[in-house]
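In case you want the letters, here they are:
2 protein chains.
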Amino acid sequence: MQPSPPAAEARSPIETYLAALHDRHAGHAGGQVANYIPELAKANPAWFGICIATRDGHVYEVGDSRQPFTMQSISKALVYGLALEDRGEAAMLERIGVEPSGDAFNAISLKAGTGAPFNPMINAGAIAACGQVMRRSGRSRIQRIQAYLSACAGRELDIDVDVYRSESQTGHRNRAIGWMLRNFGVIDEEPTEILEAYFQQCAIRVTCRDLAVMGATLANQGVNPITRQQAIAPDGIDNILSVMSTCGMYDFSGEWIYRVGLPAKSGVGGGIMAVLPGQLGIGVFSPPLDGQGNSARGIRACTDLSNDLALHVFNNGNAPLPALRLKYDNTQVRSRRRRPQEQRQALGREGGRVRVLELQGDLVFSTVEPVVRGVNEQARECQFFLLNLRSVISADDASLRLVVELQRSLAARGVRLLVCHARALETRLRRLGADVETLYPDDDTALEACEDLLLANVLGSRFVTAKEVPFARCDLLDGLGAADLSSLDAAMAERHYATGERIICAGEPGDALFVLLSGSVEVRLPGPTGKPGPRIEVFAAGMTFGEMALVDGAPRSADVIALEPVSCRVLEIRAFEAFDERYPRLKIGLLQQITRQLSASLRRRNAEVQAFKGR
Amino acid sequence: MQPSPPAAEARSPIETYLAALHDRHAGHAGGQVANYIPELAKANPAWFGICIATRDGHVYEVGDSRQPFTMQSISKALVYGLALEDRGEAAMLERIGVEPSGDAFNAISLKAGTGAPFNPMINAGAIAACGQVMRRSGRSRIQRIQAYLSACAGRELDIDVDVYRSESQTGHRNRAIGWMLRNFGVIDEEPTEILEAYFQQCAIRVTCRDLAVMGATLANQGVNPITRQQAIAPDGIDNILSVMSTCGMYDFSGEWIYRVGLPAKSGVGGGIMAVLPGQLGIGVFSPPLDGQGNSARGIRACTDLSNDLALHVFNNGNAPLPALRLKYDNTQVRSRRRRPQEQRQALGREGGRVRVLELQGDLVFSTVEPVVRGVNEQARECQFFLLNLRSVISADDASLRLVVELQRSLAARGVRLLVCHARALETRLRRLGADVETLYPDDDTALEACEDLLLANVLGSRFVTAKEVPFARCDLLDGLGAADLSSLDAAMAERHYATGERIICAGEPGDALFVLLSGSVEVRLPGPTGKPGPRIEVFAAGMTFGEMALVDGAPRSADVIALEPVSCRVLEIRAFEAFDERYPRLKIGLLQQITRQLSASLRRRNAEVQAFKGR
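In order, the protein sequence lines correspond to chains R and F.
Counting from 11, one number per residue, gives the positions in the first sequence under the numbering used here.
Counting from 11, one number per residue, gives the positions in the second sequence under the numbering used here.
The shape of chain R in the complex, shown without the other chains (with noise of 0.2 Å):
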């Protein structure tokens, strides 16, 4: 046996609850632990072990879940994707079928005329299927076979040499079969290796433990979520839950997914390794099996945990979010390049035409085709759309494809469509044949490019942003007289910087003001490791920043770099303080042009906070 996990600090609810499930059904004493052969035979029937493994790697466990055991036919279901990724789904389809066949798991249910196995969950077809799983780089079925399934579950299996070996010297009827399928022609070669790795791969030790993260994997498109290692391969997974789902359980398969509603496997060894699509697994051991072959301790405990958790699959609550997140407008929300009065008007009035859309979540069909039709529904009024997919966690072509063709045919009707925060989809969203002019790094600057396009058609030939601005028309000195303007000129020295330079750096005493001249800065919180972080704000000619540290004497809260060459005037809080004295009125109009920006800054938050709790 491993080593136990160590004691939880503070129970979890979710351990107090799976403790109480295996109290209630660890006394139950129906069912016979399997006696065809001895070794089995020997298994404490006391033994019960219940684990669940999330998607994201974390084990539940409770009894005997380090307990090691034959995986027996749970082996059948993993071993079939590896056939599958070694033969591809149309040839395995042609030798081995996929009907449930309504038999016990012992029997031999081939196809009249083809002699195909009705499905690779009974023995047939499970020895088929391991007859199509290739000797590759030089090694044989069963090493590879024995990798495969140590890949699914984390850790290096090993097989119970009694046990196969007494599997092997008993298993006539697997024989029979064998030579059966090799009369159809089912299976290529002579079975006698094949039958000797499939009673191996019977035999393959494992804990219940080890099921649910198998399980976990199966739920993981294949990535084993402790490991992080790809599996199995991402395509066949359908292909195994869904043989799980129809013929997994024996003859009682239809009735289990009526009832727990979750792709199961069960083994004679007493193990159930059961999976929540996109979710979780699940692994249940204990070795008394009922009439038809499954544990029965298993089938109670997988029965109560699937309606106490509600975890049937075809359950309402198991569905995808709707991938909108959020959206506003760009009244709402704007770049976070600070504009002039006419353009910041401007856009106060058109903003209505640029949407921003957040996504989220896993973009499928039915995420993603609401997001389609509202857009669709709205172009009328609108000339561009952003979609954000910050939040979103991982997208199928299929639903690519859509916001391609959507941007296609918005294109055709004069509306933009850009994407940003794509990440790794960028990359496949190119592929698709999205234009990549839209394809835009971050909120910011996708919104900025937007705001650009709508200003330069409303404004036309006005929509300028000034390289360079006179010193006296400077927003700050808007509505100064002529002797405070010349005091105020006489009292800030001007400064250049080089581009990249750091005019202000964060943590630093805020002791003077700036007033840019030429060029352009952008305001950037410090990132996590020194490097810069989000930008929050870029500056123009004849705009001013720095004044909140100087007139709240706080320390600085962000740093501030030069985009291009930069030439500003600097008002140090010394001479700042001293017009109080010398030119009350110079410093009245300087507190009142300060108050009104941070004023209007203030009323810019307000409307994004709003619109960021979705108001």
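No wet-lab data here; the hints were simulated from the structure.
Any copy will do: because identical chains look the same in the list, a pair fits if it lies in one copy or spans two.
Heads up, simulated DSSO-like pairs for lysine-lysine below, C-alpha to C-alpha not over 30 Å straight-line:
#, residue 1, residue 2
1, Lys-541, Lys-477
2, Lys-623, Lys-541
3, Lys-337, Lys-623
Given chain R's structure and the hints, the job is docking chain F onto it.
Frame of chain R; chain F shown alone:
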């Protein structure tokens, strides 16, 4: 025929796709129109319609989507649901099995011994299910069935009397089955009337659009997505879908799930109804049948639909989204109650012990489990958790029970778990044992409650909020000399407001600022219909409000309402402007104080925006 749908103004990419899919298969000539009764043989073999109905009631349709035809065996799946409602799961399982028989549709397939039909999708099981539907409220069996199927379709369905008569005249085999069922006691009365009801049920006329809507009703927990009527009891949905998934497509069922992966039911009229649980319904109609009795074009169209749109039920992307939408703590986001400096500083230091978790989507075991686990792990360093359920769509009892258990186990460790925005879930949470004291209508009041408790802990007896503050000690006057103070005192009139009175109205010119001497006020955005909207700020005695509009000249953006009897001092804009000449030092002092307050608010809003953007 019903009228065709209006042409959409701009075709959506989904409509374009469906048209192409229709074109791809319209020419396929395989299959034979059913001819065991003359009425069915009249069908035009070229008829071909495809529909998709979404969970929110939108229907995409192409081809002969409004051509009526008879449901035939498709009725079996839904009538089984009605019988389940009437008799309950246990009684139904006693009489009718749920195991696939591997046999063709017309097999008699009764289990040895009990005589129970293998499953409700073969004729024997369907006739038995029809016999379980009760006569009720003066309505016959077929009247109840017709009303039930009409509710599923969302319109009145009729019976094709010619088809019914023809089926009844030739239904000898089904009569034999009926008497066998009577012989075994599977039905409790002579089969004659049951059989007539069964023949009529099969002759109910639908369109391909109806099938899609019925499928969407099954996908939507039994609620018809167009009429919003609960057409099917939600408890039976997973049972109906289970039986469809294992037995819905005759002896092609295993391969159908393997290749198409949608619970479905076909009928010899040429219809197929398919369901992607929780997501959508599909209806396909084309009369020529393949060797297994399924619509030949229907199988092809559904296979392509499933592959092209990735609809396989065991697809990874068809999984619910993690429930955690956003998390932040009280240092990043505060309640809207403006607090005095000492309290602000205390929250700045200790606010990390109040954590907010915003949840989303459908709460089920595996979406809530990571939240429970995370909270349990962080509980040592926290004092409060607030679960915000505003973006939650639905929650099953299993997930709510976990939340309540978590609350209980945290309470034992001295940690409080609050819940807000629970809306309709509040009743269920309370029924499951949630502490009523911990349920708050919105995040703001919940956060305020956490802050109050935290401050009481941290500040002890120093945590008092003054009911009344002398004018000279109000925030705005901080740092003013005696002379300035007395000038200001003279310039500000006192005003009084009753509880609930509006002190400031949104939209009015901003012509004064207010200093609160006693009582408190709340700032609310105007709601959509004149009702008060969300609360954006609460001010207590000693604080200033209304200064933004005063300095930037913009109209008031929100209402300010007295929460209790309020006294305040008012500084009119004319007086404020007159200070420029008469009391410049006072004016500078006031403006500096205002900029400090605006700048503090702006810093706070910037932090909130970052938190709400998930940074």
